[in-house]
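*Asks:* Chain B: place on chain A using the hints.
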Amino acid sequence: MRLERRHRSSRAALLLAPVGAVAFTLLVSALLVLWAGAPVGRTYALLLQGGFGSVFAWSETLTRAVPLILTGLAATVAFKARLFNIGAEGQLYAGALAAVAVGGLHGGTGFELPTWLLFPLMMAAAALAGALLLLGPALMKSKLGVDEVVTTLLINFIVLLGVSALLDGPMKDPSAMGWPQSVSLQSELELAKLVAQTRIHTGLLWAAGLAVLVWLLFKYTVTGFDIRAVGANARAAAFAGVPVTRTVVWVALLSGALAGLAGAIEVAGRTSYVTLDMSPGYGYSGIVIAMLAGLHPLGVLAAAVFVAGVLVGADTMSRAIGVPTYIADVIVAASLIAVLVATLLTQYRVRWK
Amino acid sequence: MSDIADILSNASFWVAVLRIATPLIFGTLGVLLCERAGVLNLGIEGIMVAGAFAGWLAVYAGAPLWAGVGVAALTGAAFGLLHAFLTVGLALSQHVSGLGITLLATALSYYGYRVSFPKVNTPPTVTPFAPMEWLQLPVLAAQTPLTLLALLLVPLLAWVLYRTPAGLALRMVGENPQAAEGQGVSVAATRSGAIVAGSALMGVAGSFLTLSAFNAFFFNMVNGRGWICVALVVFASWRPGKALLGALLFAFFDALQLRLQQSGDAVLPYQLYLMLPYLLSILALVLVARKASYPQALMKPYRKGER
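Here the protein sequences come in this chain order: A and B. The first sequence runs 1 to 353 under the working numbering. The second sequence runs 1001 to 1307 under the working numbering.
These aren't lab readings, by the way, just hints derived from the structure by calculation. Hints may contain errors.
[Said to hold, decoys possible] With the Cβ distance kept under 10 angstroms, some of the chain A side facing chain B (calculated, not the full set):
no.	residue
1	136
2	285
3	291
[What the hints assert, rightly or not] Taking lysine-lysine pairs in the DSS-like style, the calculated list, with each CA pair at most 27 angstroms apart, reads:
no.	chain 1	residue 1	chain 2	residue 2
4	A	143	B	1242
5	B	1291	A	143
6	B	1300	B	1242
7	B	1291	B	1242
8	B	1300	A	143
[Claimed, not checked] The calculated label-pair distances, taken between Cβ atoms and stated as ranges, are:
no.	chain 1	residue 1	chain 2	residue 2	range
9	B	1008	A	121	47 to 53 angstroms
10	B	1064	A	276	34 to 40 angstroms
11	A	41	B	1066	50 to 56 angstroms
12	B	1117	A	40	21 to 27 angstroms
Please read all numbers here as calculations on a predicted model, not as lab measurements. Just so it is clear, CB atoms sit at the ideal spot from N, CA and C, and this is done for glycine as well.
Looking at chain A on its own, in the form it has when it is part of the complex (with noise of 0.2 angstroms):
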């Protein structure tokens, strides 16, 4: 077998790569519903429905997508620079306790301050924390070459354990029975409903608002083909005199930025308190979506939708047909390992020989 280049894909291909990578996930998936003794056919619809089917399912489906999209542009961003962030998980963390340390209701009241100003107060601590809490692995990258995999992947188990450690103390909520929860956050911080009876939420405009920034920053911005060039080769855009190094920061301070805003937009629109378990991976589940995306900062809003329909329809599925839940997590990882090589058919063509 032997792969040779392409001279061109066409933009077709690229844009078939994720759906056929998925179509073949459904079906290598459907293998497993079978295991677990359930109809092929009517699981699918079950799931269908439950992400998609019905009013509320969208409402549910918008409502999980909302994290998905800034841990997807996170991804995004820094793959984009060959910067390997899958620290999103601790990020999203460590932004949702840095909002609830700037809007909790500590001892009651919290801070006194007018609503205009602490709003963005605590939106600005939670980037900066997501921000600083990928400064240090990009850094430890290009100034001393340390994988910054495997260092964002230990942070991520520090700093769940450190919530877990505020939740026991100083931020523990005094009312909550012992189970581990941050205060709430001052009423007035909450973000709207966009719709009356679901738990849709402004977050959404922001995080699709976000994603057409993103996509602003790459397509028309200095940075952005900085960022590009450093991804598509560091040493060549050495050469041409991109500074490397600065944006590569830039980058890591970016894409913590935006999984720290996931944190504290699931806090502000969702939650309105920290716990140990409100993210169920969804800065692992950031990676997947930003490759089914190709690393476009708008495909990531369709891709964090498919993602959060399937977890959201497997919920309802489940429930219903009794087929696990995990079912959805081992169609989002197999979605990413087709789509990789979906995406490498469109640039290399098989050779049998």
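*Replies:* Quick look at chain B alone, frame taken from chain A:
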């Protein structure tokens, strides 16, 4: 300080050190094999989960313990084959492929567990490996045969790497694949073989958790041990002997934090003690960063005829 002296003079402490080190020894040797051949394998975290689950499930279904270890190794090898196909066959990003395998292997194991045991609250158990009481050696007699296997694998692997043609070929494709190809060594076959063998060891590392350290499968039971192995290999400069030393040193600190946590006068929140292993791993990476001599072709995909 006398606390620490008390802990260190207790034989059970050293028993714990060796027990904690065992999966790390298997895991680091697995990572070492892959990386010496030039391929990063971030699938380890998930492969350990899959090995832990598959090995345990086989024993639960009635297979002998060693057959369970074999099943874990085969499971690891199967994921290794997938990683080899993606990173060697298709030359895809080793980072992303490895992460994908970790996510997939973990999700598949959890799914499999839930399919096999839909409604259990207390995890079903098996009878794990018994300590080797027949062995007349202190500390080691309290370990299970898997620990002995891990310890014996270290010199064996060193011998294979440095004293056999296969080991030479493996190191060559990790340092200079073009030159290896020129010598008639198949880069693709050698790298794939190393990944499959290394992943099998990762599977065994996982099975130690369910068949020796504990007797059941829990979610999150691997808990970052795989990532720690990846860090330990850098710390060990890709040498089996140093990998053993690194795993033991790491286990020493991990056991120490556990004891300090349990000793009556623990002043800090327990989470801070639990952070220590992860912090140490990062510290180890930073300390050796300046002089780390990575295999020259690590993370560089090789396509025949392409430069």
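*Asks:* For each hint, tell me whether it holds in the structure or not.
*Replies:* Against the structure, the hints:
1. 136: holds (9 angstroms)
2. 285: holds (9 angstroms)
3. 291: Nearest chain B Cβ about 6 angstroms off; hint holds.
4. 143/A x 1242/B: Holds, at roughly 25 angstroms.
5. 1291/B x 143/A: Holds: residue 1291/B and residue 143/A sit about 13 angstroms apart, inside 27 angstroms.
6. 1300/B x 1242/B: Between residue 1300/B and residue 1242/B the Cα gap is close to 25 angstroms, so the pair holds against 27 angstroms.
7. 1291/B x 1242/B: holds (15 angstroms)
8. 1300/B x 143/A: holds (20 angstroms)
9. 1008/B x 121/A: 47 to 53 angstroms: Given about 49 angstroms between the Cβ atoms, the range holds.
10. 1064/B x 276/A: 34 to 40 angstroms: holds (39 angstroms)
11. 41/A x 1066/B: 50 to 56 angstroms: violated (42 angstroms)
12. 1117/B x 40/A: 21 to 27 angstroms: With a Cβ separation near 22 angstroms, residue 1117/B and residue 40/A satisfy 21 to 27 angstroms, so the hint holds.
Checked against the numbered hints given earlier, this structure breaks only hint 11.
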